[in-house]
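Participant: Next come the chains, spelled out residue by residue.
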Amino acid sequence: MSGGVDSAVAAARAVDAGHEVVGVHLALSRAGGTLRAGSRGCCTVEDALDARRAADRLGIPFYVWDFSERFRDDVVADFISEYQAGRTPNPCMRCNEKIKFAALLERALELGFDAVCTGHYATLVDGEQGRELHRASDAAKDQSYVLGVLTAEQLAHTYFPLGATPSKALVRAEAEQRGLTVAQKPDSHDICFIPDGDTRGWLAERVGAEQGEILDRSGAVIGTHEGAHAFTVGQRRGLQLGVPASDGKPRFVLEVRPVSNTVVVGPKEALATAEISGERFTWAGRAPQADAFDCDVQIRAHADPVPARAVIAGGVVTVRPHEPFEGVAPGQTAVLYDGTRVLGQFTIDRTVSAVPAPV
Amino acid sequence: MNVYLDHAATTPLRPEARDAWLQASETVGNPSSIHGGGQAARRVLEDARERLAAVLGCDPIEVVFTSGGTESVNLAIKGLWWARPAGTDAIALPDGEHHATLDTVAWLHTHEHAAVRAVALSPTGRIDEAAFAAELPGAALATALVANNEVGTLNDAPALAAAAAAAGVPLHLDAVGAFGHVPVDFGRWRAAADGATGLCALSVSGHKVGGPVGIGALVVSRHANPTALLHGGGQQRALRSGTQDAAGAAAFAAAAERAVAERESEAVRLATLRDRLVAGVRALVPDAVLLGDPEHRLPGNAHLLFPGVSGETLLFLLDQRGIAVSTGSACQAGVPEPSHVVMALGRSEDDARSVLRLSLGRTTVDADVDAFLAALPEAHARAAASGARARERS
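Line by line, the protein sequences are chains D and X. In terms of the working numbering, the first sequence opens at residue 1 and continues consecutively. In terms of the working numbering, the second sequence opens at residue 1001 and continues consecutively.
Bound-form chain X, shown alone (with noise of 0.2 angstroms):
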C-alpha cells in the first residue's frame, strides 16, 4: 500500500491540468510567433495567463510565467535589489524563509554587500509584524512566506504589506506553499500602495497546486519595475526572455482555478483530517509535539515533534511500510540538514532533527490517516530505541 503525506513537496498532477496540457501541446507554433500557428499558441498562453491573474487578483500583465518558485524568488529578490532606490542597501529577511530566499539574499550579501535585517519569529513559527515593520524603514527590499513551508504557519499577509507600503518599501511576498490553500490577493494586499512599494512581487509554483512541475509564476506590479535575470527576446516586459510555455501555463492555469474553486471545502476537509492524524499521534505517542500555530495555519500541515527521535530515522522506517512523510528540511546530497525552521522557533538541533512533516492534499482519504497511524507505533518505537542506544554510545 502507497500512502503520500508529502503533498508540500509536490501534490499529483490534477486531471484537468493533464487535459490542458495535453490539448495544449497540440498546438504548433512559438507563442511570439507572427504566423497563425504562433497567434493560435498566444491565445492559449494569454488565456492562460488570464485566467491565472483572475484567481491571484491581479491584472494579466502583472503575471510573468517562469520555470517555478525558485525562479520566481530569484527574480524578485535579486530584481527588486538592482533596481532597488539609491541609498538603500538592506533587505529585511524574516528567519525560517525557504531556502530559495535564504540563500539569494546571502548571495546578494556576499557578492552584492546587502546589509541583512532579521526578523525573528514567534515560538509558534509566526512573523511578528510590529518586529517586521520596526526593520523596513530605508531598507531596499523586504520579503516573507504567506504560509511557513515546513511548520505551515500563515502569516498576516495583508499586515505586512500594509507595513510595507507604509514604510515606502518594495515587498516579495513567498507565496509558493500557500495559494490555492488559503486566500491569495495581490490587489487586494496590494492597496494601500504606493507607486514601487509595498507588495511589489509574488511568487508562486504549479506543481503545488496540481499543475506539472517546471512552470510557476511571479507576480510583479505594473508599478514595479525589478531587473531581470535572463536577457534574450524580451518576452513578458522583458522580465523574463525566452519561450513562453503555452502548455505548461495552460495547466498550471486549469489547475489553479480547480484549486482556488475547491479551497474552502478543500480546506474544512483537509483540516478535519489533518486534526484527527495529529489527535491520532497524540494518543500513540503522547510526547508528540505539534510544532507551528495551532489555528493559523495550512490547513494540510502536521509537523510533529518526536522528542528524542530522529525524524530521518522515522522517515525511514516509514517508508519501508510504503508510507511517504517529509522530515520537511533541506537534503543536503540525500541527507536531511537539522531544520533551520524548527530552530528559528527557539528550538534545540536535536529537536530540529526529531521533526516529520506530513502534508495532506487532494487525494488524501480517511484510509491515508489510518495507514499512517498503524504504522507509527512500531516505527516510533524502533526509531526511539535506536535513538536511546546511540545516546548510550555517545
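In isolation and in its complexed conformation, chain D is listed as follows (with noise of 0.2 angstroms):
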C-alpha cells in the first residue's frame, strides 16, 4: 500500500472478496522525506501514514516492510548503470521485477501469505494452459506493460483487483464511498527516487558529466555536450547546436555512445528503426510454441502497440515491426502482446535502423 488510491481500493476489495489481508507499506528509501511534495515520490512518512489510514478504514492489520537496501541496488543502482551503458532504463519496471513480485512477494510466501495484491491495472485470466496476464479495461489506465516482467510462477501468486474496472475515475469513486481519505490524492508518475522530477542533474551528481562530442551520421563533429548520460535516442531538445543542420531540418539524437561520450544526431527519418533484439527475455505464463510468430509490441509504457513478427533463435529474440519503430533506445523493454495477453519482454540490447547511413 503506497499511500495511493489504487493500493487503497485494491486492499478494500481484496477485503470483501473474504481474504485475510494484510497491508503492507513499502520502504524504498532511508532517506524518503517528511511531506509529499505534489505528485513526486511515494515514499515520505507522510504517504506511508496514508496507508496505514487507510488500514485503519479497512480494519486491516498493517506494516511497514524495509526493502530499501534491495531497492538501492536491484532498481537505483541499476538505473545509473544503465544509463552509464548508453541505455534507458525503465525502474519501475525493474522494481516490479526485483522487488514487489519478487523481494515482497518471496517474503510474503515465506511468512505464509498466499498472494501479493496490489493496486496495478492489469488483468489475470485462468486459462487451459494456465495463468494469462491481459492488459486492463481502461486502456488509458493499462499497467500490463510494466508488469511485462512477470513470469508464471509470480503471475501464480498475484491478484489485481483494479484489472477490471473500466475507468480510474470508478475507483476514485469507490474510494469516496468507502471513506478512504487517499480519494482525491494525485496520481504519481515521476521517478519516485528522484523526488523533484531532474532526472538529468540527478544522473550529473551521481555519473559525473564530462563534455564529449556530437557528431553526425558521417562522423564529422558538429557540436559539444555536457555528459552523455543527459541523452536518451529520439531526443530533440537541448542539444544546442550552433549550426543548422545542411537541409535546415531539426535533429534528432539517433545514439548514445557511452564509451567514447559521444552523442550521434540526425534526421527524423533516421529514426526509423527496422530490427530489434535481445537476450534478456521472460514469457508471462506459458513461452510461445513457435520459434516465429507474429504479435504485437509495444516498448514505452505509453506507446501504441504496432504488429511485428518475432522470431526466437539461439537465445536472443529479435522483432521486426511491420512498420518502423520511430526512436529505440537500448535499455528499453519490448513488451509483446497476442491480443491483450502480454506473452512475455525482452530488454532492446540492439536496434537496425531503417534508414542506412549515408557513406
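No wet-lab data here; the hints were simulated from the structure. Do not take every clue at face value.
To be verified - Derived Cβ-Cβ restraints for the label pairs, each shown as a range:
1) D:130 with X:1284: 37 to 43 angstroms
2) D:61 with X:1225: 47 to 53 angstroms
3) X:1128 with D:152: 57 to 63 angstroms
4) X:1237 with D:198: 51 to 57 angstroms
5) X:1061 with D:198: 56 to 62 angstroms
6) X:1225 with D:186: 49 to 55 angstroms
7) X:1320 with D:198: 41 to 47 angstroms
8) X:1061 with D:186: 52 to 58 angstroms
C-beta: ideal position from N, C-alpha, C; glycine also.
Using the supplied hints, reconstruct the complex from the two chains, each of which is provided in its own coordinate frame.
Facilitator: Put into C-alpha cells, the structure is as follows:
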C-alpha cells in the first residue's frame, strides 16, 4: 500500500472478497522526506501514514517492510549503470521485477501468505494452459506493460483487483464512497527516487558529467555536449547545436555512445528502426510454442502497440515491426502481446536502423 | 487471544490512576488562578507533587512536572549544558543510552559545539564506573541510564552519582525505565554532592509506571538551576512554564505510589515469570542468547538474541498470533533500526537486527508466558527459514 488511492481500493476489494488481508507499505528509501510534495515520490512519512489510515479504515493490520537496500541495489544502482552504459532503463519495471513481485512476494510466501495484491491496472485470466496476464479494461490506465516482466511463477501468486474496472474515475468514486481519505490524492507518475523530477541533474550528480562531442551520421563533429548520459535516443531538445543542418531540418539523437562519450544526431527519418533484439527475456505464463510468430509489440509504457514478427533463435529474441519504430533506445523493454494478452518481454540490446547511414 | 509483552514501551493504566484522573478532572480551575477553584486545583497538584516527591526521595519543590520522559531528558541535558560551569565544554555520554539522550547530545554537539566523551559499555550492557569516572574531570555535565531500556541491565546509580559528586560535575540520571521497578532514591544518591554537582536531575515518566501518557517529571535538585526550555508564566521554579496538569499529576502520583508500594513483591513475581520465559525459550531454541546482565537486570525484562533470525520478522509472525513484543530499538518510519544498544555490547549489526525485547509487567500472568512459548517454535522456524533463504539469495 503506497499511500495512493489504487492500492487502498485494491486492498478494500481484497477484504470484500473474503481474503485475510494484511496491509504492507514498502520503505524503499532510507532518506525519504517527511511531507508529500505534489505528485512526486511515494516514500514520505506522509505517504506511509496515508497507507496506514487506509488500512485502519479497512480494519486490517498494517506494517512497513524495509526493502530499501534491495531497492538501492536492484533498482537505483541498475538505473545508474544502465544510463552509464548508454541505455534507457525503466526503473518501475525493474521494481516490479525485483522488489514488488520478487523480494516482497518471496517474503510474503515465506511468512505464510498466498499472494501479493496490488493496485495495478491489469487483468489475470486463468486459461486452460495456465494463468495469463492481460491488459486492463481501462486502456488509459493499463499497466500491463510494466508488469510484462512477471513470470508464470510470479503470476500464480498475484492478484490485481482493479484490472477489470472500466476507469480510474470509478476507483476514485469508490474510494470516496468507502470513506478513504486518499480518494482525491494525485497520481504519482515520476520516478519515485528522483523527488524533484530532474532526472538529468540527478544522474549528473551520480555519474559525473564530462564534455564530449556531438557527431553527425558521417562522423563529423558538429557540436559539444556536457555529458552523454543526459541524452536519450529520439530526443530533440537540449542539443544546442549552433550550426543548422544542411537541409535545415531539426536534428534528433540517434545514438548515445558512453564509452567514447559521444552523441550521434541526424534527421527524424534516421530514427526509423526496422529491427530490435535482445537476450534478456521472460515469458508471462506459457512460452510461445513456435520459434517465429506474429504479435503486437510495445516499446514504452505509453506507446501504441504495433504489429510485428518475432523470431526466437539462438537465445535471442528478434522483432521486426511491419512499419518501423521511431526512436528506440537500447535498454528499453519490448513487451510482446497477442491481442490483450501479454506474451512476455525482452530488454532491447540492439537496434537496426531502417535508413542506412549515408556513406 | 491477546498477549501483551511490551510493558517497557507502555504499561496499562492502573485503576487508581484512572480514578485519580477522573476525580481531579472534576475540579474547575487553573492551578495558578487565585480564586477558590484555582486553589482547589492547586491543592490537587501539590498533593500529587508531594506524594511523588516522597516516592522519589526528594523535596516537593524539586519535582518539575513535564510532558514525559523525552521532555525531562531534554530539559535536564540542555538545561544543564546552558547553565554549565565556565570553561567546560564536554558531555560524558555512555554508549547505549536512550535516543532522547543520544539525539539531545548530538544536537548540542552540532549546534553548540559540545564535545562528547563516550563511555563504553561492558558486554552485559553495564556502565563501568571507573571508565565513567575517568571521563568526568572538567566535563560540563554527565548523563546515564539507571536501567538500560532495551537490554534491561542495571547500573550502579549511587556509584555513578558519587563519582560525579567527587569530580564536581553535574549529573543527570534517566530513570524512566527503572522507576517503579528498582529502588530510586534521589536524596540518598545525591548525598555526597555539594551545590550544583553530583546528581542534579533525574527523569521519570508517568506511563511507564501505569499512569497516563503525557505527564512525566524531572527531579531538579534545589542546588541546580538548569536553563529553561519553555518560557512563559514562570510556573515550577520558572523551569517549566505552562499551565500545570493537575489531573495528570494526580494520576501519575497515584500510579507511582502504587508501583513503588508493590515494587518488591512484583519484582519477585515478574522475575520468576521472566526466568521461566527465558528457560522456556532456551529449551525451544537452544541457540537463543539472553543479552544483558543475567542478574543485575530489570525484573520484567527478557532480551533475547535469536542468531540468524530477523527480530522484525519474528515480531510480525508473533503479532499475527496476537502476541505483542518489541525489537526494543527505535523505529524509523515504521521500520525498526538495528539496535544501537546491542551494537554497544560489542555485537554485530546482524545480531542487532536479530533480537526481541520481551517486557513483563503488572498484568502479565503465567498464561502469557505459556502463550508465548506455544507460539514461538512455529514463528521461529518460519523466520529462520526466511532468513536462511534471504542469505542464499544475497
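Participant: Each hint: holds or not?
Facilitator: Against the structure, the hints come out as follows:
| no. | hint | verdict |
| --- | --- | --- |
| 1 | D:130 with X:1284: 37 to 43 angstroms | holds, 41 angstroms |
| 2 | D:61 with X:1225: 47 to 53 angstroms | holds, 49 angstroms |
| 3 | X:1128 with D:152: 57 to 63 angstroms | holds, 60 angstroms |
| 4 | X:1237 with D:198: 51 to 57 angstroms | holds, 53 angstroms |
| 5 | X:1061 with D:198: 56 to 62 angstroms | holds, 59 angstroms |
| 6 | X:1225 with D:186: 49 to 55 angstroms | holds, 53 angstroms |
| 7 | X:1320 with D:198: 41 to 47 angstroms | holds, 42 angstroms |
| 8 | X:1061 with D:186: 52 to 58 angstroms | holds, 56 angstroms |
Of the numbered hints given earlier, the model fails none.
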